[in-house]
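All chains, please: the whole structure from these sequences, using the hints.
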Amino acid sequence: MPNLTTTSFPAASGGAFRRPAAGPPSRTLLRARATTARQGVRTAEQQQQQPTFYELLGISAEGTSFEDVRAAYRRMARKYHPDVSPPGAAGEHTRRFIQVQEAYETLSDPSRRSSYDRALARGVCRLAFSPASRHHHQEQEEMSGWRTSWEGQIAELKKRSTVKDSEENLSWGARMRRRRAEQL
Amino acid sequence: MAEQFYTVASDSETTGEEKAQQTFPDVAIGIDIGTSKCSVAVWNGHQVELLKNTRSQKGMRSYVMFKDDTLSAGVTGGATKEHAHEERDVLSGSAIFNMKRLIGRMDTDEVVQASKTLPFLVQTLGIGVRPFIAALVNNMWRSTTPEEVLAIFLLELKALVEMHYKHPVRNTILTIPVAFSRFQQTRIERACAMAGLHVLRLMPEPTAVALLYAQQQQQLLHDNMGSGIEKIALIFNMGAGYCDVAVSATAGGVSQIRALSGCTVGGEDILQNVMRHLHPNFDSLFAGHTMDRIKSMGLLRIATQDAVHKLTTQESIEINVDLGGGQKVSKVLGRAEFEQVNKMIFEECERVIKQCLHDAKLAPEDINDVILVGGCSRIPKIRSLVLGLCKKADSYASIDVLEAAVSGAALEGAIASGVTDPSGSLDLLTIQATPMNLGIRADGDTFAAIIPRNTAVPARRDMLFTTTHDNQTEALVAVYEGEGKQAEENHLLGYFKITGIPAAPKGAVEINVCMDIDAANVLRVFAGVVKPQGPATPPFIEVRMPTLDDGHGWCGQALAKMYGGNLDLAVLPKKLQP
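Top to bottom, those sequences are chains H and Y.
Residue numbers for the first sequence follow full-length UniProt numbering, beginning at 1 and rising by one.
Residue numbers for the second sequence follow full-length UniProt numbering, beginning at 1 and rising by one.
Don't read these hints as lab results, they were simulated from the structure.
Among the hints, erroneous ones may be present.
[To be verified] Pairwise CB distance ranges, derived in the manner of DEER restraints:
| no. | chain 1 | residue 1 | chain 2 | residue 2 | range |
| --- | --- | --- | --- | --- | --- |
| 1 | Y | E189 | H | A89 | 21 to 27 Å |
| 2 | H | D68 | Y | Q340 | 39 to 45 Å |
| 3 | Y | T473 | H | G63 | 19 to 25 Å |
| 4 | H | G91 | Y | T473 | 49 to 55 Å |
| 5 | H | P87 | Y | P168 | 21 to 27 Å |
| 6 | H | G63 | Y | D223 | 30 to 36 Å |
| 7 | H | G58 | Y | A193 | 17 to 23 Å |
What you are looking at is a predicted structure, and each value in this text was computed from that prediction instead of being measured.
Glycine included, every Cβ here is placed at the ideal spot set by N, Cα and C.
Written out as structure tokens, the structure reads:
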């Protein structure tokens with residue numbers, strides 16, 4: 001198990017951030033390119049300092065309830081939502097709001113929060129956080145959960161059983177994964 | 001100039017008043033363009049004020065009357081001429097109405113098909129182009145477009161507001177149905193531009209109601225020093241043309257739209273069902289649009305409208321109408337029969353509510369308030385159906401059925417114009433959600449959703465795709481919006497090609513397609529090759545959507561015919577992604 005983690009993870013994780021220029025053609029670069037297309041060059045340093053979801057919402061990782069997460073989200077939304085941001089800061093605030101939104105969506109879902117917490121504990125969640133790559137990020141979190149711990153699998157199973165298992169309910173990615181699994 | 005139209009409340013201090021006067025002329029007006037009736041409201045400095053026309057109506061019939069060289073809209077209702085327009089004038093073929101149902105729709109659309117029984121002319125070719133619409137002027141059909149009709153109406157509405165406040169109006173917030181596609185939204189914006197109005201925002205109707213609800217909750221909090229616990233509201237809005245549902249979570253002046261769903265059924269469908277029920281030969285009889293038939297159709301319509309209205313309070317209604325030409329309708333219509341005739345419509349409403357609750361991941365028990373708005377929410381069956389699904393005994397009472405949406409729009413107008421209120425009643429924020437999936441065509445004719453519906457706006461999502469043929473150098477990115485699993489079931493918003501893809505075996509190239517909805521709800525699509533990297537790859541492409549003008553049904557077919565699967569993309573299986 002641990003072997004799997006080490007082999008599968010660094011490629012997409014912190015390593016690439018620390019060596020942005022020489023790094024393999026990994027996610028980081030791709031993403032940087034995708035964002036560049038619109039928002040101008042965001043340097044690797046900026047990405048390196050990506051805050052955790054907890055930092056984004058301004059709450060502590062320990063002992064914060066669902067209500068705390070929600071209240072923090074509302075507080076941050078009032079601060080960063082482009083509708084209420086000062087005219088000059090709309091672009092930057094929009095970016096921040098999307099991050100806050102992602103943080104809220106992850107932390108307000110118990111199973112996603114627990115897999116995020118596990119990733120955070122291993123220090124791998126600084127890996128691929130960018131709103132543009134939400135899907136892959138989520139995917140990686142899920143994969144890491146499955147690979148490293150039974151808890152992850154159980155959490156995933158629980159998540160699947162709580163959210164009704166209809167096709168419509170699954171994310172597009174999940175539907176595709178399932179379809180592929182069925183074909184195998 | 002400003003003094004006379006302020007009714008200064010006794011508690012309003014001079015400072016507050018001055019502030020309001022300074023900001024007031026720039027305040028965006030709120031407009032609710034209804035399929036049947038329209039209303040306009042403005043933040044007057046301390047509250048939302050609904051405007052009345054010269055006939056003292058707050059809800060003004062939505063139509064434009066074509067007569068010789070003069071056009072007059074339902075705002076004034078012809079009151080400046082010798083006589084006011086009666087309903088029978090509106091139904092004489094000379095007036096165009098229901099433009100909200102027709103705007104931005106193709107002639108293959110079933111809503112357009114259903115509009116062919118209206119008194120004015122709606123002609124279709126069934127090939128996915130704009131329908132031909134014409135009004136009767138001096139016994140001749142004169143063509144027009146829904147955008148033009150709406151623009152004329154808005155122009156009259158704008159004049160009404162300018163007359164009332166004695167200063168020019170420029171900015172507006174319009175409410176739109178949830179089911180409106182992005183293409184239809186551009187048509188609304190165009191109509192506004194034609195009328196000299198700048199659209200600050202198009203708000204889905206139930207979210208405007210949610211905003212008003214948030215303000216009321218905030219007010220309650222101020223008065224009672226309440227706890228500020230998050231309240232979940234289900235808003236059901238059904239007017240003449242559309243049915244919308246939203247679930248919102250409100251606390252501390254922030255209303256977060258958890259889910260939206262909508263469909264194109266409304267009072268007009270109910271009316272047509274009842275007309276068909278009363279007159280079995282309805283369709284064949286009125287297909288020809290001859291002068292005498294237009295008149296009979298108008299008479300039947302008026303009688304049916306009246307019956308539908310009365311059935312909201314009465315158990316049964318007697319209909320007796322002479323349609324001329326020896327045709328008579330005389331029937332007693334009971335409420336049970338009425339409900340049977342419209343069974344399908346009620347089922348559709350039920351589906352939309354269930355979907356919305358499902359998408360919001362909430363059970364009926366989680367709902368604190370059920371808000372019923374729109375003309376059709378007065379129908380007893382609709383009320384019982386919504387309340388039953390939400391397991392509530394009664395609906396939220398402090399909201400006006402017909403004025404809620406426009407009031408919410410006016411509130412948003414004040415907020416978006418940067419008006420602040422000393423009492424904090426404008427200290428509100430709505431976090432909107434996307435009403436429909438946005439994605440591209442991939443894996444054959446499959447629709448790959450990149451931004452799923454009910455994603456919070458602003459949003460930015462991306463997805464990786466790959467080529468479907470060896471050495472494929474070009475790929476077509478066809479952007480769709482909708483709920484269908486197949487791309488063709490959805491609205492085509494636009495398309496563009498990625499060219500210069502480096503030659504590689506199929507599946508080896510990675511193409512990133514990113515969708516971005518900004519604060520102004522503008523959709524941009526970015527696409528380009530992300531693997532292999534290097535100078536041999538083409539630059540990314542940024543496209544603002546929708547790019548299509550008319551005939552979007554036509555385009556999709558033409559593309560398929562021209563290119564087949566040559567330019568297809570496939571979703572990159574996640575397994576291969578690092």
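Against the structure, the hints:
1. Y:E189 - H:A89: 21 to 27 Å: holds, 26 Å
2. H:D68 - Y:Q340: 39 to 45 Å: violated, 51 Å
3. Y:T473 - H:G63: 19 to 25 Å: violated, 56 Å
4. H:G91 - Y:T473: 49 to 55 Å: Since the Cβ atoms of G91 of chain H and T473 of chain Y sit about 35 Å apart, the hinted range of 49 to 55 Å is violated.
5. H:P87 - Y:P168: 21 to 27 Å: holds, 22 Å
6. H:G63 - Y:D223: 30 to 36 Å: holds, 34 Å
7. H:G58 - Y:A193: 17 to 23 Å: violated, 42 Å
Comparing the model with each earlier hint shows violations of hints 2, 3, 4, 7; every other hint is respected.
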